[in-house]
Every structure is written in C-alpha cells, then in structure tokens.
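J.: The sequence shown lines up with residues 1 to 165 when you count with full-length UniProt numbering.
Take the hints with a grain of salt, since some may be wrong.
[Unchecked claim] Straight-line alpha carbon distances no greater than 27 angstroms define the calculated DSSO-like cross-link-like pairs of lysine-lysine that follow:
1) Lys129 x Lys143
2) Lys70 x Lys143
3) Lys150 x Lys86
4) Lys150 x Lys76
5) Lys129 x Lys76
6) Lys150 x Lys160
By construction, these hints were calculated from the structure, which means they are not laboratory data.
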Amino acid sequence: MPKKPEAKIQKTSSARPVKRTPARTAKAAKTAAPKAAAKSSPKASPARAGTKAPRAQSSQAVTQLVDALKGHPQQKDLVTAGQQQKDQLLRSLIPLYLARALNLEVTSGTTSRFWGTFGVSYAAPNAAKALRMNTGYAQETRKGKAITSKGVRYVEQALKQIRPA
1 MPKKPEAKIQ KTSSARPVKR TPARTAKAAK TAAPKAAAKS SPKASPARAG
51 TKAPRAQSSQ AVTQLVDALK GHPQQKDLVT AGQQQKDQLL RSLIPLYLAR
101 ALNLEVTSGT TSRFWGTFGV SYAAPNAAKA LRMNTGYAQE TRKGKAITSK
151 GVRYVEQALK QIRPA
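Using the sequences and the hints, build the whole thing.
T.: What follows is the structure in structure tokens.
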C-alpha cells in the first residue's frame with residue numbers, strides 16, 4: 001500500500017500585527033498636559049451661562065416664600081410638617097405649594113434655603129431628586145418647577161394627618 005502524501009497545513013497567524021509607535025518624548029508630554037487641562041476647565045459654556053439663578057434672586061425668592069408662609073392660615077402646620085416628617089417629597093412640595101399664587105422661580109436651592117430658615121437641613125440635590133423620582137407632583141415650567149393638582153392634594157393630605165379635624 002503506497003503511503004499517501006501528507007498534506008502540509010500552513011498555520012497562519014490570526015493575530016493582528018502590533019503597531020509600533022515611537023516613545024513619547026518628555027517635551028511632547030509637557031505640551032499635551034496643559035491642553036488637556038484647558039479643555040476641562042470649570043468655566044461654563046455660554047449656552048449654560050443663563051441656566052442658574054443668581055443667589056440674590058434666590059434669596060429674594062426665599063424671602064417671598066417666608067412672607068407667603070406667614071400669611072397662610074395653616075402656617076404652623078406647614079412648618080411642623082417639614083420639620084417633623086422626614087418626607088423629602090413633602091419638603092420639596094411645600095415651597096411650591098406656597099408659590100402657587102406668586103410669580104417666582106422655585107429651584108432646589110431655593111427649597112434648601114427656605115427650610116434652612118426654619119432650622120431644617122435639607123440639601124438641594126435631595127429636593128431635586130425627590131421631585132424627579134416622584135413624577136406627577138410637580139411639572140417643569142419656564143419659571144422652574146410648579147406644583148400640580150396631585151401635589152396640592154399630597155400636601156393637604158399631609159396637613160390633615162398632622163392636625164386631624
């Protein structure tokens with residue numbers, strides 16, 4: 001029986017060839033570092049420049065909210081609700097509840113400073129997150145957030161629980 005010639009199998013490398021680049025010089029590294037730092041500078045872009053309310057306007061809004069609270073018939077209940085209950089949604093909605101009739105912008109920072117006047121430490125990111133996570137209680141308007149009818153019912157239900165009739 002004659003021997004069959006063995007087929008020669010050539011192995012081809014499936015790995016990609018490694019691209020060799022010259023080592024980076026110290027001078028090139030020094031010039032690249034300031035460029036990268038310049039791109040990540042904390043300066044706001046011109047498009048975002050007008051999105052934040054100045055602190056003076058915000059403190060003025062807090063003053064108007066406190067004045068609206070003083071004139072509200074359920075002043076003590078509203079303050080008690082924000083101080084005693086650790087409900088972040090309620091704390092976020094009470095300033096919006098007071099600002100219904102007023103024409104002012106209520107932001108999360110305004111909400112935080114409003115509760116700060118009553119000795120309640122309530123961080124602005126918590127106020128924003130509470131309104132973002134619980135949809136339907138506030139809606140976005142040109143003047144910031146505005147309370148909806150569902151939010152008004154939520155606040156009034158909380159006030160009934162504090163002071164039963």
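J.: Does each hint fit the structure? Answer for all of them.
T.: Hint check:
1. Taken as a hint, the lysine 129 and lysine 143 pair is honoured in the structure, with Cα atoms around 18 angstroms apart against an allowance of 27 angstroms.
2. Proposed proximity of lysine 70 and lysine 143 is supported: the alpha carbons are some 23 angstroms apart, at most 27 angstroms.
3. Between lysine 150 and lysine 86 the alpha-carbon distance is near 20 angstroms, which keeps this suggested pair within the 27 angstroms criterion.
4. This hinted pair checks out: lysine 150 and lysine 76 have alpha carbons roughly 22 angstroms apart, not beyond 27 angstroms.
5. For a cut-off of 27 angstroms, the pair hint linking lysine 129 to lysine 76 stands: about 26 angstroms separates their Cα positions.
6. Restraint check: the Cα-Cα separation between lysine 150 and lysine 160 comes to about 15 angstroms, which is no more than 27 angstroms; the hinted pair holds.
The structure fails none of the hints (numbered hints given earlier).
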